[in-house]
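Enquirer: Spelled out from the first residue to the last, the chains are:
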Amino acid sequence: MNEVWVIAEQRLGKLMSVSLELLGKGTELARQLKVGLAAVLLGDKVRALSRQLVCYGADRVYLGEDPRLRLYQSEVYADLVAKLVDTHKPGIVLIGATSIGRDLAPRIAAKLKTGLTAHCVELRIVNEDTEKPQLVQVVPGWGGSLMVNIACPVRRPQIATVSPGVMTKCDWEEREGEIITLAVDVQQELRVETLEMVHEERTGAALEEAEVVVAGGWGLLSAGGFELVEELAKVLGGAVAGTRPAVDSGWIPEHRMVGQSGKTVSPKLFISVGASGAPQFTAGFLKAKVVLAIDQNPNAPIFDVADIGLVGDLCDILPCLVTELKETGLRI
Amino acid sequence: MSLNIIVCVKQVPHPEHFSRITLDPIRQTISREGIPAVINPLDLHALEEALRIREELSGKVTAISMGPPQARCALEEALAIGADDAVLLCDKSFAGADTLATAYSLACGIKKLGRFALILCGNETIDSATGQVGPQLAEFLGIPHVTSVIQIAFEQGSSLIVRQALEEGYMKVRVKLPAMLAVAKGINQPRLPTVWAIMEAGSKEMQIWGASDIGATQDMIGLEGSPTHVTGIFERDTTRRREILEGPPRQIAKKAVNRLHELIAT
Ligand SMILES: Cc1cc2nc3c(=O)[nH]c(=O)nc-3n(C[C@H](O)[C@H](O)[C@H](O)COP(=O)(O)OP(=O)(O)OC[C@H]3O[C@@H](n4cnc5c(N)ncnc54)[C@H](O)[C@@H]3O)c2cc1C
Ligand SMILES: Cc1cc2nc3c(=O)[nH]c(=O)nc-3n(C[C@H](O)[C@H](O)[C@H](O)COP(=O)(O)OP(=O)(O)OC[C@H]3O[C@@H](n4cnc5c(N)ncnc54)[C@H](O)[C@@H]3O)c2cc1C
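So the protein sequences, as listed, match chains F and P.
Numbered continuously in the working numbering, the first sequence closes out at residue 332.
Numbered continuously in the working numbering, the second sequence closes out at residue 266.
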């Protein structure tokens, strides 16, 4: 039967968390289809990472190692993966929608002349007991105001990209997997060559992995900035984020923006403060377990996507929340 | 060096009116009635970059779009901003294209245009935002591609050194021409059309080509040529609890924290 594949991504010898999240989803899909789950890993001296892939769900790892694969090389990576797919014919291929995954996936799909669905927020199988099980891929459209189901009815594989923070990884489990070493033959002269990868360390807790995210919006203008939000995040051990206007005002860096053109987060608790709830913003936290919103306008659309809504001036409410949380010591 | 540069522009609904895009739940179609259309914002950055290269190295900038007859307006705007000429790929049989069929159709149009050194696209659109068309177009044309480009520099010979933005940092990439680059925000500040340019634009050429004009194979274009299909459109499911608390701040803060304890625990 046709396997489910995850194209794992490593940067400078470290696996990206989205690859593990995709193995989590992949495990579920493979179980439902009663097929194996495999990961493809390309890089230089990255064999040790195979163990992680296996313990997070892969039954098998296709491993391609070569000094010329140390950095992402779009032509070589796309060629290798497309050939591998052609040989083994997986039914489903999942790719992380990182900047590199989004560079690679469309090239692979075009080589294979098959369908590719971008930044899916949900994946599920229908007709699993028939000859041709289908992957239903749910994506947001028009800034998240509507959702669309996409299918790739005939051609195979069905390829989907998923943003970091959308799926959940399985728990680490000690298990054995099969490692298949690929013969990598990079001879062609590269027309496009990555010369260098410059890593710029970001400050603060990573948004996609935080259990609590506190996001502030334009309403914080009345509070003179982000301090109240930072204090609340600190009490909860959470990460600070914001809306587009919060970025534009220089309160938070661009990489802390949540939404359609920013990050997708799925924390246990998401708190929105002084943000009206534009679909481009709320599209970024659809999968949060609990959403708490604070806004002075009782008709703000943010309350439609909140579990708990607090109506009032954030300058009054936030200090009370902080005091209350300190007293009760919420564990998340 | 004189370069032929092709800029791909897509017409999209104005983002401030997205909330007015409504769904007919029975017919499963969307209505964009009366919603103004604009050039996809990143495509303006692509056009700006093309114009700057033309100003520096001389050459010609051609804007190309695939879309319904009204997409003509987007190309007129591109001409007014400074493109030298424009091509609209317009045919009923292009309708319903996914990114693969879109990329194939654009590739056929570009092949008909002849020699080019550089294709510039936006990194993604604001309506469906897949960011797939550029790299797929490059594959159909058999040329290399780089996405998320935030800086372009010409090297000796026919190659470029570009900066490709990453989540944390960037990559330095060398790419040989001809190539497709998809540009991201931050690469430049797009110019506005001048009155003079708008007047001049009227005399510029716009070609309109159908599927047979560009030699596109029917089973590669439109709905038929699209491996992916939209099988349903629905309103976002907002099954949140919506427990709204109003009253004195201290009181509602206390209530909220109590509820949080319960909700997080379950
Ligand atoms: C909500 C929604 C979701 C969709 N999801 C998918 C999906 O996951 N997979 C899929 O294959 N199709 C999908 N489609 C179909 C897709 O929108 C169309 O194929 C569309 O023509 C191109 O996709 P895009 O807007 O995402 O372009 P992108 O790939 O985001 O566009 C990148 C750049 O390519 C150029 N470009 C794109 N389209 C044109 C054009 N028509 N003319 C000239 N230049 C252009 C522009 O420079 C643009 O900035 C979806 C459609 C909708 C409505
Ligand atoms: C293509 C596109 C992509 C976009 N992508 C994103 C994205 O990824 N992320 C994003 O965030 N935005 C995005 N936007 C912008 C988005 O449409 C909204 O404009 C933005 O989210 C609004 O931010 P806001 O809620 O902070 O501001 P506003 O809408 O101005 O809301 C401020 C809120 O604060 C409240 N308020 C004011 N003072 C107080 C007070 N003292 N106490 C309590 N409440 C108060 C007000 O009642 C109001 O509800 C995008 C837009 C486009 C067109």
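Worth flagging that the hints you see were computed from the coordinates, not collected in a lab.
C-beta atoms are modelled at their ideal positions from N, C-alpha and C, and glycine is treated no differently.
Take the hints with a grain of salt, since some may be wrong.
Listed next, the stretches of chain F that the computed footprint assigns to chain P, with coverage defined by at least 3 CB atoms under 8 Å from CB atoms of chain P [unchecked claim]:
#, stretch
1, 37 to 47
2, 62 to 74
3, 184 to 196
4, 243 to 253
Enquirer: A separate judgement is required for each hint: does it hold in the structure or not?
Expert: Verification of the hints:
| no. | hint | in the structure |
| --- | --- | --- |
| 1 | 37 to 47 | violated (count 0) |
| 2 | 62 to 74 | holds (count 3) |
| 3 | 184 to 196 | holds (count 6) |
| 4 | 243 to 253 | violated (count 0) |
Checked against the numbered hints above, the structure violates hints 1, 4; every other hint is satisfied.
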